[in-house]
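Undergrad: Just so you know, the sequences run in chain order A and B. The first sequence begins at 24 in the working numbering and counts up one residue at a time. The second sequence begins at 535 in the working numbering and counts up one residue at a time.
Since the hints were derived computationally from the structure, they do not count as laboratory data. Just to be clear, a hint being listed does not mean it is correct.
Stated by the list, open to error - Cβ pair distances, simulated, as ranges: (1) A:Q38 / B:R654: 32 to 42 Å; (2) A:K29 / B:R654: 30 to 40 Å; (3) A:E144 / B:V737: 27 to 37 Å; (4) B:M793 / A:S133: 51 to 61 Å; (5) A:G35 / B:F729: 37 to 47 Å; (6) A:R137 / B:F729: 25 to 35 Å; (7) B:R654 / A:G35: 22 to 32 Å.
Claimed, not checked - Which bits of chain B does chain A cover? Going by a derived footprint, with three or more residues having C-beta under 8 Å, they are: (8) 728–741; (9) 749–757.
Nothing here was measured: the structure is a model prediction, and the numbers come from that model. All C-beta atoms, glycine included, are put in the ideal place defined by N, C-alpha and C.
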Amino acid sequence: MLRVEKVSTFYGNIQALRDVTIRARRGRITTIIGANGAGKTTLLRTISGLTPARHGLVLFEDKDITSLPPDRIVRMGISQVPQGRQIFSELTVEDNLKLGAYIRRFRKRSDIMRDKEFIYELFPILYQRRKQIAGTLSGGEQQMLAIARAMMSRPKLLLLDEPSMGLAPKVIQSIFKTLFDLHEQGLTILIVEQDAKIALEASDYGYVMRMGKIALEGSAKELLENEEVKRIYLG
Amino acid sequence: MLSLEKGVRLPVRLSERRYALSIFGACAFLLIIITLAAKKSTGFQWILSGLTVGSIYALIAMGFSVIFSSTRVINFAQGEFSMLGGMLMYTFNNYAGIPAPYSFILSVLIVTIIGASFERLIIHPLKKPGVITVVLITIGLSIFFRAVAKWIWGTDTLAIRPFSGEKPFRIFGASLVPQSLWIFGFTLFAVILMFIFFNRSLVGKGMRAAAENPEAASLIGVSPSTTSLVAWTIAAALGASAGIIIAPIKFVSFDVGVMLGLKGFASAILGGLGYAPGAVLGGLSLGVVETIIAGVFPSGYKDAVAFLVLIVVLLLRPQGILGRQERLE
Ligand SMILES: Nc1ncnc2c1ncn2[C@@H]1O[C@H](COP(=O)(O)OP(=O)(O)O)[C@@H](O)[C@H]1O
Ligand SMILES: [Mg+2]
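Bound-form chain A, shown alone:
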């Protein structure tokens, strides 16, 4: 579904990605692990069009999206839950969700209402907090809101950048459970994590990034058993 081919991305003169090639297959969960500064966020930013690749190609459903702007890429069906959640903290929870459906604003209202109800069933806590200003939510709730907002665009592919960052293990469990539910319903997921056990266990395939390159790749099972991966990333 998504193919990233030999992509190199730069911040000014600093090269953050070197010839990165990955795939995310339809209906699967793909995980990318790597230490801080390995280039995971940059890879997702490149896919979403925030920092377009200088060399290489990004193909989504066989269409070249390498140099499309972010808003066009969302419209094509790729939604990102960015690192650090990046919810709109001055708006209400409900407004954050409505904005998630921004690209569908010309669609029937009833469709969007239905999706909102679906999201509220998925995250009942967000329903309780729907009138609250998003900035007042706890970290876990903000992460749920970020995922909920991304889902409101009805993506085919969901990109997640370290969704477990800074959260308690119990909250992480609950968020991943929801993600796996969504996956069961047909969502394709590409997830980036530093601490990746829970993500890898549910994935089919994984990549290890180091210094802007893909250092290792393989089935999730292989990676989980790899001595080096175990030692460095699964602690």
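Using the hints provided, position chain B with the ligands relative to the given structure of chain A.
TA: Using the frame of chain A, we list chain B with the ligands on its own:
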């Protein structure tokens, strides 16, 4: 690039904030005393006249705020939208004899189209221009607009007919021209419209989202290019209307945009740039303060007030009286 683009963290500590607020409080108190000490009717007159010009400043300040919050650019051509509005109104209404309501709509429409085209034809084609680049372009634009206006309309001061009659009302011993009522009414209308747009419509909320976090907004599909176009369109419409409704009271000439723009800018700063309700409050306060000062001191000092206010606010409370600190994310 410039730190402005990400939003600047303004290091104002709480004690300083309290200090700043108390200074503003003291000034307000002083003004109230002056107003009360004057003959009652004179004081009331100052407030009415102050709110009249203040409404104009508020409209122009909202234009500054909308563009600033969406694109981090200070549009130094904002005042010229008002000048063009007034000039076109003169041409359509006084010169061509088109009835005032139609002239008004026509003039606002043309200036709005000019503002939108400027954004599309000059700013949009620049791929990711720096903030300073765009600010410099707007300064160039303002010079260009003034030159064109001078060429078309000359240097004369032109008078525009009030929308309905010139006979002042008397309220509590003060007098109020009917045009002031038009100004109050229109300003209220514009503020309500802005409120509905930014708080009820999805596109408006998207613009607020983009003001808070442009990247996150682009990830949900809010295109920065659309946001910028809408902001310029709104700012041009606000500026043009302000210039038209004030023209029957203050006249219009090719260079009125300079002063109106600077006053609007000072108001926007006073209220906290980027925060629309602040712009309205800033505009009204500046209008009243300025009028009272003009009543007490020789009128030549009046225009200096705006700049004094500007300097004091920037020194003491750079985020404005109501404004919140910008967050660096
Ligand atoms: N905005 C930026 N400007 C310059 N360099 C950056 C920027 N963002 C990230 N980098 C650099 O790119 C590299 C990869 O960063 P990032 O993609 O954030 O890694 P990760 O998400 O794996 O922690 C790092 O060396 C980082 O210093
Ligand atoms: Mg990262």
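Undergrad: Now tell me, hint by hint, if it's right for this structure.
TA: Taking the hints in turn, this is what the structure says about them:
1. For Q38 of chain A and R654 of chain B, the hinted distance range of 32 to 42 Å is satisfied, since their beta carbons lie about 35 Å from each other.
2. Evaluation of the 30 to 40 Å hint for K29 of chain A and R654 of chain B yields a pass: the beta carbon distance comes to about 36 Å.
3. At about 28 Å, the beta-carbon gap between E144 of chain A and V737 of chain B stays in the expected band of 27 to 37 Å.
4. Separation of M793 of chain B from S133 of chain A is about 52 Å and conforms to the stated range, judged on CB atoms against 51 to 61 Å.
5. The supplied range of 37 to 47 Å is met by G35 of chain A and F729 of chain B, whose beta-carbon atoms lie about 41 Å from each other.
6. Under the hint 25 to 35 Å, the C-beta atoms of R137 of chain A and F729 of chain B, about 29 Å apart, fit the expected range.
7. The hinted window of 22 to 32 Å between R654 of chain B and G35 of chain A holds, with their beta carbons roughly 29 Å apart.
8. Closer than 8 Å: that is the beta-carbon criterion, and the segment 728–741 of chain B has 4 residues meeting it against chain A, so the requirement of 3 holds.
9. Three residues within the 8 Å Cβ limit are the bar, and the segment 749–757 of chain B against chain A gives 9, so the coverage statement holds.
Checked against the numbered hints given earlier, the structure satisfies every one of them.
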